[in-house]
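Now that you have both chains on their own, put them together as the hints suggest.
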Amino acid sequence: MNHFLLPLLFVLVMLAALASYAHLRSPAAHASAAAQAWQQLKGLAMRIPLALVAAECLGRLLPREEVATLLGAHAGIPGTLFASVVGGFLPGGPTVAFPLAIALFRAGATQAPLVALLTAWSLMAVNRTMLFEVPMLGPRFALSRIAVSAPLPIVAGLLAAAIAGTF
Amino acid sequence: MSPNQYPGRRARPDGMTVFFIVLAAVSAAGVWLQDGAGEMIGAFRSAGLLLLGITPVIVAAMFIGGYVQAMLPRNFVARRLGENSGAVGYLIAMVAGAITPAGPFGAFPLVLALRRAGAPFDLCVVYLSAWAMLGVNRIIIWELPFLGHDFVALRVLSSLPLPIVAGLMARALPFERT
Numbered sequence: 002m003n004h005f006l007l008p009l010l011f012v013l014v015m016l017a018a019l020a021s022y023a024h025l026r027s028p029a030a031h032a033s034a035a036a037q038a039w040q041q042l043k044g045l046a047m048r049i050p051l052a053l054v055a056a057e058c059l060g061r062l063l064p065r066e067e068v069a070t071l072l073g074a075h076a077g078i079p080g081t082l083f084a085s086v087v088g089g090f091l092p093g094g095p096t097v098a099f100p101l102a103i104a105l106f107r108a109g110a111t112q113a114p115l116v117a118l119l120t121a122w123s124l125m126a127v128n129r130t131m132l133f134e135v136p137m138l139g140p141r142f143a144l145s146r147i148a149v150s151a152p153l154p155i156v157a158g159l160l161a162a163a164i165a166g167t168f
Numbered sequence: 006m007s008p009n010q011y012p013g014r015r016a017r018p019d020g021m022t023v024f025f026i027v028l029a030a031v032s033a034a035g036v037w038l039q040d041g042a043g044e045m046i047g048a049f050r051s052a053g054l055l056l057l058g059i060t061p062v063i064v065a066a067m068f069i070g071g072y073v074q075a076m077l078p079r080n081f082v083a084r085r086l087g088e089n090s091g092a093v094g095y096l097i098a099m100v101a102g103a104i105t106p107a108g109p110f111g112a113f114p115l116v117l118a119l120r121r122a123g124a125p126f127d128l129c130v131v132y133l134s135a136w137a138m139l140g141v142n143r144i145i146i147w148e149l150p151f152l153g154h155d156f157v158a159l160r161v162l163s164s165l166p167l168p169i170v171a172g173l174m175a176r177a178l179p180f181e182r183t
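Protein chains in written order, with the numbering used here: chain A, 2 to 168; chain B, 6 to 183.
FYI, nobody ran anything at the bench for these hints, they're computed from the structure.
Beta carbons: idealized from backbone N, C-alpha and C, even for Gly.
Wrong hints could be hidden among the right ones.
Said to hold, decoys possible - Restraint-style ranges between C-beta atoms, simulated for each label pair:
1. H31/A x L173/B: 37 to 43 Å
2. L71/A x I146/B: 26 to 32 Å
3. A18/A x W37/B: 44 to 50 Å
What the hints assert, rightly or not - The calculated SDA-like cross-link candidates involving lysine to any residue, where the alpha carbons are at most 20 Å apart (straight line), are:
4. K43/A x S33/A
5. K43/A x T22/B
6. K43/A x D155/B
7. K43/A x T60/B
8. K43/A x L57/B
9. K43/A x V64/B
10. K43/A x F24/B
11. K43/A x R26/A
12. K43/A x G91/B
13. K43/A x V127/A
14. K43/A x L56/B
15. K43/A x L25/A
16. K43/A x P61/B
17. K43/A x R121/B
18. K43/A x G58/B
19. K43/A x Q74/B
20. K43/A x A177/B
21. K43/A x D19/B
22. K43/A x G139/A
23. K43/A x I26/B
24. K43/A x R50/B
In isolation and in its complexed conformation, chain B is listed as follows (with noise of 0.2 Å):
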């Protein structure tokens, strides 16, 4: 009916977007100017393998995003895991982020699908730090073959409070609360 309120509105990235644009170019320079132009192509080329093999996963996960939105009525998870339930809470979401067997791919999107059925930020945060710092998977995969188990068992041990620390943080942190 009316016309079209924005002209070239489809065509113009968003702020994000050209953030990545100036990125990719300026650290593609990057390795052209150090590494030579082949270098350069076999960056894009590891890119394109990741690419392929990211695709997947990340539109399965946009759609269990789509369907927690669906299903779950707004703030459920934010009722049952809220304010009144924080111990406990931080402790499930401690050790969910702990065994989540997932790289990024996996754990970024059931965060998203959290937050939409409104997981609190600090709950979030609880489980991405247990995730990032305690993550089994990495350990098994990487850590322990190359470090040992005497560094890992050290290290782990380091971490275990942090997660817990950080929501903590997260909660005193003015923004980002629902």
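Next comes chain A alone, as it looks inside the complex (with noise of 0.2 Å):
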């Protein structure tokens, strides 16, 4: 539960802010701002306790030590674009995607892939887009966002492997 606390002191001392200020400046908006949010809490809902349950299915349902052994078994650029592949259809969140990584990095993966693989997973994080992203934002949101950022990952694993030196 820790882990919401920040985030939910962040929001709270916004809302407070935001409040504060429409309640000097304009007190009419907090009508139009308490019926805007119930609007968007409707559609939400249904939708974020089915994509968390979803969420953390798909999560259970990873083979995490086949995919290590894969990854593990390419370097160079073709590793670089197999982990950016693999770190783009990682179901689950941080408590996935790092062991994953940790026990690369422990096998001895070379650094490339696994900035690709990281960066893959950060930009589309499958769970997050559908939890958030796609309720909130829309589907063509997320897709569009999706669309530009999917040559990143190999971007960055190719940076890194010049920067380290390991082509």
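Take a look at the structure:
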């Protein structure tokens, strides 16, 4: 639960500041803001619990050891490409991605594929996209953002290889 | 006055909800088949705990979105951070994304609020990419303790220019401009 305290504090401070400002400047904003919030929440009330269940279950379906073995077997530019793809489709939050990255790290994987894996995962994050981005911003927004983000993990991996001199 | 024009409309879930119903059902069935009913119930329990944690944040975030929409004139952000102030806007969005001290339950509502206030798509992409790749929060909590500073430095250095690249590509995209 501690994971949620900082974000909660963050949004509450923001909300308090906005509400006080509204109270002083335009008290009519309270009703309009509440109506807006209610409208949004009605739509999310069904989707968020379903998305959470889906996310939890997908995380459990992932064959973690097999993925690590497959990734460990590829290095260099093919490894970077492969890691980008795996990272992009990796379901689950940091509790899935980081243990996988750590396992690879310990197994002696080179840095470039690891950078590509984490970059792809952090940009695509299937769970996060399903849970937050699609319900809140819409599928069109999410798909467009993912489309422009798709090449970035490969670029990051290649940059990392160039910097570390491990081409 | 007029009778309900869409009988049963309230009861019928929209397409996105149907998608999530199917996804949840299929993945839950998958866990049941692979690991048994106990594991599936375990997944439901962790989903429930997660729901308890994120609900207050999401409710507060939706009110933030409501206030922003109620008070900011539409297209205010677009005018301030729109096409004309591209480079400065990108830089602000990138730094803001990197230092946002919150998980997705904080960052996405913020983007929703910005969108409502008229923030252009490419700026949202810069913000979200920076938050995802360079987020200080996750680096401190997850990455540094497990992967060490050498690796983190290399990864951050390799990702540094990419939010801007993503924004420029988003700008070139024919849709989701406004």
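Evaluated hints:
The hint said 37 to 43 Å for the Cβ distance between H31/A and L173/B, and at roughly 40 Å that hint holds. Under the hint 26 to 32 Å, the C-beta atoms of L71/A and I146/B, about 28 Å apart, fit the expected range. Remark: the range hint 44 to 50 Å for A18/A to W37/B is upheld by a beta-carbon distance near 46 Å. The hinted pair formed by K43/A and S33/A meets the criterion: a straight-line CA distance of about 16 Å does not exceed 20 Å.
Our distance criterion of 20 Å between C-alpha atoms is met by K43/A and T22/B, whose separation comes to about 12 Å. The suggested pairing of K43/A with D155/B is violated, with an alpha-carbon distance near 46 Å, which exceeds 20 Å. Straight-line distance between C-alpha atoms of K43/A and T60/B comes to about 13 Å, which keeps the hinted pair within the 20 Å bound. Taking the CA atoms of K43/A and L57/B, the gap is about 17 Å. The hint holds against a cut of 20 Å.
A C-alpha spacing of about 11 Å is found between K43/A and V64/B, which places the hinted pair at or below 20 Å, so the restraint holds. Between K43/A and F24/B the CA atoms are separated by roughly 17 Å; this keeps the pair inside 20 Å, and the hint holds. Of the pairs offered as hints, the one joining K43/A and R26/A is violated, with about 28 Å between alpha carbons and a cut-off of 20 Å exceeded. A threshold of 20 Å between alpha carbons decides the hint, and for K43/A with G91/B the separation of about 36 Å lies outside it, so the pair is violated.
Restraint check for K43/A and V127/A: not satisfied, since their Cα atoms lie roughly 23 Å apart, outside the 20 Å limit. With a CA separation close to 15 Å, the supplied pair K43/A and L56/B stays within the 20 Å bound. Taking the CA atoms of K43/A and L25/A, the gap is about 29 Å. The hint is violated against a cut of 20 Å. Between K43/A and P61/B the alpha-carbon distance is near 15 Å, which keeps this suggested pair within the 20 Å criterion.
With a C-alpha separation of about 18 Å, the suggested pairing of K43/A with R121/B holds against the 20 Å cut-off. Using a Cα cut-off of 20 Å, the hinted pair K43/A and G58/B holds, with the two alpha carbons roughly 18 Å apart. Between the alpha carbons of K43/A and Q74/B the distance comes to roughly 18 Å, so the proposed pair stays at or under 20 Å and holds. Among the hinted pairs, K43/A with A177/B is inconsistent with the structure: their alpha-carbon atoms are about 34 Å apart, more than 20 Å.
A hinted pair counts as satisfied when its Cα atoms are at most 20 Å apart, and K43/A with D19/B qualifies at roughly 12 Å. With a C-alpha separation of about 15 Å, the suggested pairing of K43/A with G139/A holds against the 20 Å cut-off. Using a Cα cut-off of 20 Å, the hinted pair K43/A and I26/B holds, with the two alpha carbons roughly 16 Å apart. Annotation: proposed proximity of K43/A to R50/B is violated, straight-line Cα distance about 23 Å (limit 20 Å).
Violated hints, in rising order: 6, 11, 12, 13, 15, 20 and 24; the structure is consistent with all others.
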